[in-house]
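Protein chains in written order, with this note's numbering: chain U, 1 to 207; chain X, 208 to 414; chain P, 415 to 621; chain C, 622 to 828.
The reader is advised that the hints may include incorrect statements.
What the hints assert, rightly or not - Here are the in silico distance ranges between beta carbons for each label pair:
(1) X:283 to C:795: 31 to 39 Å
(2) X:399 to U:192: 39 to 47 Å
(3) X:384 to C:810: 42 to 50 Å
(4) U:192 to X:358: 54 to 62 Å
(5) C:659 to X:357: 37 to 45 Å
(6) P:462 to X:351: 54 to 62 Å
(7) C:783 to X:250: 48 to 56 Å
(8) C:763 to U:33: 53 to 61 Å
(9) P:579 to C:795: 54 to 62 Å
(10) X:357 to U:136: 49 to 57 Å
(11) U:192 to C:659: 51 to 59 Å
(12) P:580 to C:776: 46 to 54 Å
(13) X:313 to P:573: 43 to 51 Å
(14) X:313 to U:118: 22 to 30 Å
Just so you know, these hints were derived from the structure itself, not from any lab. Cβ atoms here follow ideal geometry from the backbone N, Cα and C, with glycine treated the same way.
Number of protein chains: 4
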Amino acid sequence: MDSRRAEAFSDGVFAIAITLLVLNLRLPAPTRGCSTVGCELLAAWPSYFAYVVSFLTIGIMWMNHHTILGHVTRVDRPLLVLNLLLLMGVVAIPFPTEVVAAHLVRDGGGTAAFAYGLVMIVISAGFGGIWVYVVTHGDRLGAPLPPDALRRSIPGFTLGGVVYAAGAVIAVVGFPVIALVIYGLLAVYYLFEHLPNPEPRPGAGPG
Amino acid sequence: MDSRRAEAFSDGVFAIAITLLVLNLRLPAPTRGCSTVGCELLAAWPSYFAYVVSFLTIGIMWMNHHTILGHVTRVDRPLLVLNLLLLMGVVAIPFPTEVVAAHLVRDGGGTAAFAYGLVMIVISAGFGGIWVYVVTHGDRLGAPLPPDALRRSIPGFTLGGVVYAAGAVIAVVGFPVIALVIYGLLAVYYLFEHLPNPEPRPGAGPG
Amino acid sequence: MDSRRAEAFSDGVFAIAITLLVLNLRLPAPTRGCSTVGCELLAAWPSYFAYVVSFLTIGIMWMNHHTILGHVTRVDRPLLVLNLLLLMGVVAIPFPTEVVAAHLVRDGGGTAAFAYGLVMIVISAGFGGIWVYVVTHGDRLGAPLPPDALRRSIPGFTLGGVVYAAGAVIAVVGFPVIALVIYGLLAVYYLFEHLPNPEPRPGAGPG
Amino acid sequence: MDSRRAEAFSDGVFAIAITLLVLNLRLPAPTRGCSTVGCELLAAWPSYFAYVVSFLTIGIMWMNHHTILGHVTRVDRPLLVLNLLLLMGVVAIPFPTEVVAAHLVRDGGGTAAFAYGLVMIVISAGFGGIWVYVVTHGDRLGAPLPPDALRRSIPGFTLGGVVYAAGAVIAVVGFPVIALVIYGLLAVYYLFEHLPNPEPRPGAGPG
């Protein structure tokens, strides 16, 4: 299968998952002690916070997904299956986002932010798996990666896993807000430190 | 109509349907006997289970849909209508998924998993119908399929229908969890055993 | 603006609107007199019925939208605005679908099916408006339509308006189920009787 | 990265955000004093009103987003990040739309319409930021804009900010309906008064 088709499908899934995050933006239930809309809008700040962190996270994941698949000119069944498993994690992100938004400043906030970190670790592992497959099957996928591409990418992946794990630990010992800040900062960090860019493909238009 | 346009529309529908599955991931109602978020997250396991099965199922259906339409270079009205009917089934999948997730471990789990299997049988029949139409109208659709393509694909389609029917029976006699496992295994099976791949189209890019 | 970009955006909107219809598939509230899941699944038939009618309707609208824009090679601001107004109607379809599904067999079913018909009449008028604009501005839009294209399309548009209006009247006098059947039959009818097909565009790929 | 890929992702996000607006179309809760479906359908007018205003707003934003990115032939990381931040605002629009629809004619309507205006001001600033970046980095992005493009676009951006701010003030002093009318008129105004159109790209097809 042409890799562009798999990319287009993945792009669609990323675009929909990131947009569904808006469904988690909602006013708290009336019983939460607000009597005005203004109070409710302010009291909903955990859902705005979780929205921003998850939006940045999915957005950066989309960019990195492109960077990885941009090295590839054709996809085989194993890569499609790995990609499907990765998307299964990405599509689920609105769920822990909602749980965190609903519980961040109440009982269970630590557990919620811990679960959020767990999902991120699973997705990071999925990215790692795809990257390893692409680098080690470069011939078959038409991906002309240098032999040391894998070795040089280890620090970046390790860092992500370690920081998400640290965030999850911080969450579970009782600081869910700090954990969420860490998750957000990690997304921002990956904006600047990332996998090697692919060469532009022939025929991919100007630019 | 150019077949690529129908494919793009279908791709969009598959991508949205698979992403909407996340809306079924939600914590159980507070009345279900949990007092902590952790307990609620664990108690929601049937919705995770149903999510994974349906995600794999729609994902594999997307791949097979591509395999079928990949043989075709133009579509006519009957094929568009058959495709629309097929998509009508695929788009509905989040509904039985939700019913199964909500009832898997309660009264009515058998009926729910039976209904899920029924929807899958209908969709399988839809795939069979499109495949028969493509193979028998190869000239008109620009699909250069060998004369025995239809005969050779019969075992695969038959197996799917039989296994889904077996799952539905197992569900209705009282083992909905086993039925759901069977549905999931069938999706995994179709990853490896599938319709013949089309030749790459001229001008479809590298790969 | 290149017409293909407007088409791609419209395709996306059609694909999402048709997929969001699944959110209207849901079991009736427990208070409605069912004690088993099987009973609830059967009692939800009005939502399946409304789903099928609206799915066919949006699907056929998508095909006709393509037929119209297929005549055009570039779009101008007025056409973009007309298209936006048309999409505003199409995107709204899940709402009357939900109202009809919730009330079809209860008090207010007639009003609900009347409102459904009203939305369809407005959308039909939108299609008529775009078609008139395309035919009368063929030079500007690069649409080489014959001079009598407009006159020859009048019967088809008139029929749609008249049948939807008849359905709405039948609904309001107390037969909402019959009205919904009529709406569905009209969608099926438009599968076979439709606007003239555009010539294939140069460079649009094989077929 | 090729600018067309970023455009396709953005198009998808715009298409989904505009379509999710339909989820805010819903009948008022039964307790609001209606005893018939017809009464409920009429009483839901604030949600129709908010739907129309937000639909036009997102639709026009989509057009202007195209106008801006149409000048660019390749995108760099800063532009991707600015674009992601802009989309974060656009995707959120269904939330203030829902708040306005729920409160327009009740207590808190002023606050709700004020919040709506605030979100619009933030998004307008996002558009301004992207436009400034594109104009000042034309060489790097392959955007051959004339030197006075920035200066000449200042009035249009200023007007948007001022009118949204005026609407927000009018809302907060107690006239939310008038504020929403102003937001809607501003969307219509931008249909006719807008940024300079890009030259058609080579190879972008006929038109």
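Are there hints from earlier that the structure breaks, and if so, what are their numbers? Violated: hints 1, 3, 5, 6, 9 and 10.
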